[in-house]
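Peer 1: So the protein lines, in turn, are chains W and B.
With this note's numbering, you'll find the first sequence wraps up at 315, consecutive numbering, no jumps.
With this note's numbering, you'll find the second sequence wraps up at 597, consecutive numbering, no jumps.
If you're looking for bench data, these hints aren't it; they were derived computationally from the structure.
Among the hints, a few may not be true.
What the hints assert, rightly or not - Selected chain W positions facing chain B (in silico; Cβ < 10 Å): (1) Phe163; (2) Gly165; (3) Gly172; (4) Ala206; (5) Met247; (6) Leu254.
Because the structure is a prediction, the values reported are computed rather than measured.
Note that CB positions come from ideal geometry on N, CA and C, so glycine has one too.
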Amino acid sequence: MTSYLEFEKPVAALEARIAELRAIADNGDLDIAQELQRLERKSADLLETTYANLSPWQKTQVARHPQRPHFRDYVAEMFDDFMPLGGDRLYGEDEAILGGFATLNGRKVMLIGHEKGHDTQSRIRHNFGMGKPEGYRKAIRLMELAGRFELPVVTLVDTSGAFPGIEAEERGQAEAIARSTEACLGLPVPMVATIVGEGGSGGAVALASAERVLMLENAVYSVISPEGCASILWRTGEKAPAAAEAMKVTAQDLAELGVIDRIVKEPIGGAHRDPKTTAANLSAAISEELDALSQMDSGQLKLMREERFLAIGRF
Amino acid sequence: MSWLNRVRNSLPFGSKRETSDHLWTKCPNCSQMIFSKEYEENLYVCPRCDYHGRIGADARLNQLLDAGYDLLAQPVVKEDPLKFRDSKRYTDRLKQARAKSAHNDAFSVGAGTIEGRKAVVGVQDFMFMAGSMGMAVGEAFCQGAERALRDRSAYIVVTAAGGARMQEGILSLMQMPKATVMTRRLREAGLPYIVVLSDPTTGGVTASYAMLGDVQIAEPGALIGFAGQRVIQETIREQLPDGFQRAEYLHKHGMVDRVVHRKDLRSELATILDYLQPAHAA
Ligand SMILES: [Zn+2]
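Could you put the whole structure together from the sequences, leaning on the hints where they help?
Peer 2: In structure tokens, the structure reads:
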């Protein structure tokens with residue numbers, strides 16, 4: 001069952017009508033078959049135009065879609081194997097951020113990313129993808145390991161933000177994020193980060209300070225959630241659509257600003273309509289990037305990474 | 316404000332705008348009325364309750380650095396890159412902030428000496444748009460670090476910020492890795508990087524350069540954290556512990572080295588600089 005977003009209602013109505021007709025079309029009625037064909041074309045066109053014209057706020061909804069593929073789905077679809085590695089050796093294991101050895105099109109990599117979960121139980125287990133200090137410290141540990149054994153680092157970023165909680169603060173959420181960003185910047189191996197869903201603030205940057213930053217077509221990446229921005233600057237969360245517009249959160253806007261390097265196509269109607277194709281597109285894009293980066297030595301990689309961030313704000 | 320006034324106001328000494336026009340200042344903590352002159356001479360610390368008040372960039376630089384330091388020119392960055400507008404235009408908010416400040420943005424850098432020891436000092440000014448980190452702040456931070464690299468001196472940064480400057484969207488977020496590039500370069504060059512956390516330091520500033528110091532100092536009572544208290548309360552729906560996210564609380568949880576009274580800050584920094592002599596580059 002597809003779950004529809006508010007702006008997809010017209011598509012939902014058409015698709016419901018198509019399903020109804022299909023149920024009675026089995027008797028070979030030619031009129032019904034023709035009507036079905038017409039409606040299917042209409043529905044496909046409508047989906048295409050709807051998705052070609054998504055507002056930043058609508059994209060935010062797509063990026064947060066409950067059925068959008070998450071870390072585990074990409075692991076299953078894209079990687080030949082995955083051996084999760086756990087714990088930060090300091091406090092605990094945080095399942096909001098997963099990581100471990102993985103093989104991408106025959107290439108051994110260190111894979112790290114946020115996992116949001118897909119139902120109530122797994123969402124709680126993964127804390128809705130909101131990392132705690134131990135999650136970021138695990139990421140640091142895995143990045144350092146990758147650096148020592150020359151494994152390229154691939155990250156999949158998908159978080160509304162780092163977890164805001166008492167214990168997270170007590171254990172140094174800010175320091176953990178800062179050190180994780182620092183670990184990215186110091187990697188002597190290639191790093192390719194992809195924002196696959198939500199890139200929420202510092203919790204995203206900590207895994208996205210790479211020399212190549214990709215974004216799925218309907219992903220969003222921002223300094224604060226549109227709701228948060230609206231409640232501070234407009235003093236009402238209801239202005240979230242305006243905040244999403246003003247902050248420039250879409251892949252297309254960020255590519256124009258030079259903050260991301262590449263947009264990875266999603267199937268029409270969003271990644272959740274066809275996770276397999278989404279994963280195939282992503283796999284090809286990351287592999288291409290890694291191919292190019294593998295030609296560079298560690299000094300060149302670090303310099304490229306540093307220059308990309310230093311250039312932001314300079315003319 | 317004419318350019319002449321702006322130049323005059325950006326001079327390190329006698330910048331009128333940081334001096335209260337009022338004869339008396341009320342302590343925000345204990346409500347004691349303090350003779351403004353006395354408050355200023357006491358480095359904006361309440362003589363009765365020791366409350367550490369907010370202090371402007373120039374007053375801070377003047378306190379920490381020996382007289383005759385070099386005030387770095389403010390960097391020129393792309394202004395209002397997103398053409399951002401909420402209830403007000405971002406450009407208007409900037410204009411307002413500049414009218415009230417001696418500086419162009421929220422981060423100022425002085426290069427000189429602290430009790431004779433070479434140092435570059437960066438100061439974030441909460442009174443300028445809540446000290447928020449945008450491209451100008453990030454760039455000024457980096458230029459301060461570059462100056463320290465060139466002079467082979469320590470880099471000391473006094474932080475104060477509500478977080479990132481939302482009006483610059485993702486470009487403000489990108490200042491986190493940008494500043495971190497420079498803290499790494501200081502380390503690679505064998506130069507000390509010292510952070511003084513002042514009230515308040517929160518959000519993306521805390522989660523980048525404010526937590527990466529070789530030595531972390533906090534001013535008494537300073538609010539320091541990643542997430543805002545309201546956000547935490549809305550998420551976990553629990554009472555926050557007493558003193559949560561205050562300097563002393565962070566010290567107790569191992570997040571800062573020392574909590575230092577403002578009157579002792581200059582001499583403490585001098586002592587630290589004696590121990591952390593620039594090492595040979597790694
Ligand atoms: Zn007082």
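Peer 1: Taking the closest Cβ pair, is Phe163 of chain W under 10 Å from chain B?
Peer 2: Cβ of Phe163 of chain W sits 8 Å from chain B, so the hint holds.
Peer 1: Against chain B, is Met247 of chain W within 10 Å by beta-carbon distance?
Peer 2: holds, 4 Å
Peer 1: Measuring from the C-beta of Gly165 of chain W to each C-beta in chain B, is the shortest one below 10 Å?
Peer 2: Holds. Min distance 5 Å.
Peer 1: Closer than 10 Å between Cβ atoms is the bar; does Leu254 of chain W clear it against chain B? Give me holds or violated.
Peer 2: With a minimum Cβ separation of about 6 Å from chain B (threshold 10 Å), the hint on Leu254 of chain W holds.
Peer 1: Tell me if the interface restraint on Gly172 of chain W is satisfied: Cβ within less than 10 Å of some Cβ in chain B.
Peer 2: holds, 5 Å
Peer 1: Should the interface hint for Ala206 of chain W be scored as holding, given a Cβ-Cβ cut-off of 10 Å against chain B?
Peer 2: Constraint on Ala206 of chain W satisfied, holds at 8 Å.
When the structure is compared with the earlier hints, no violation turns up for any of them.
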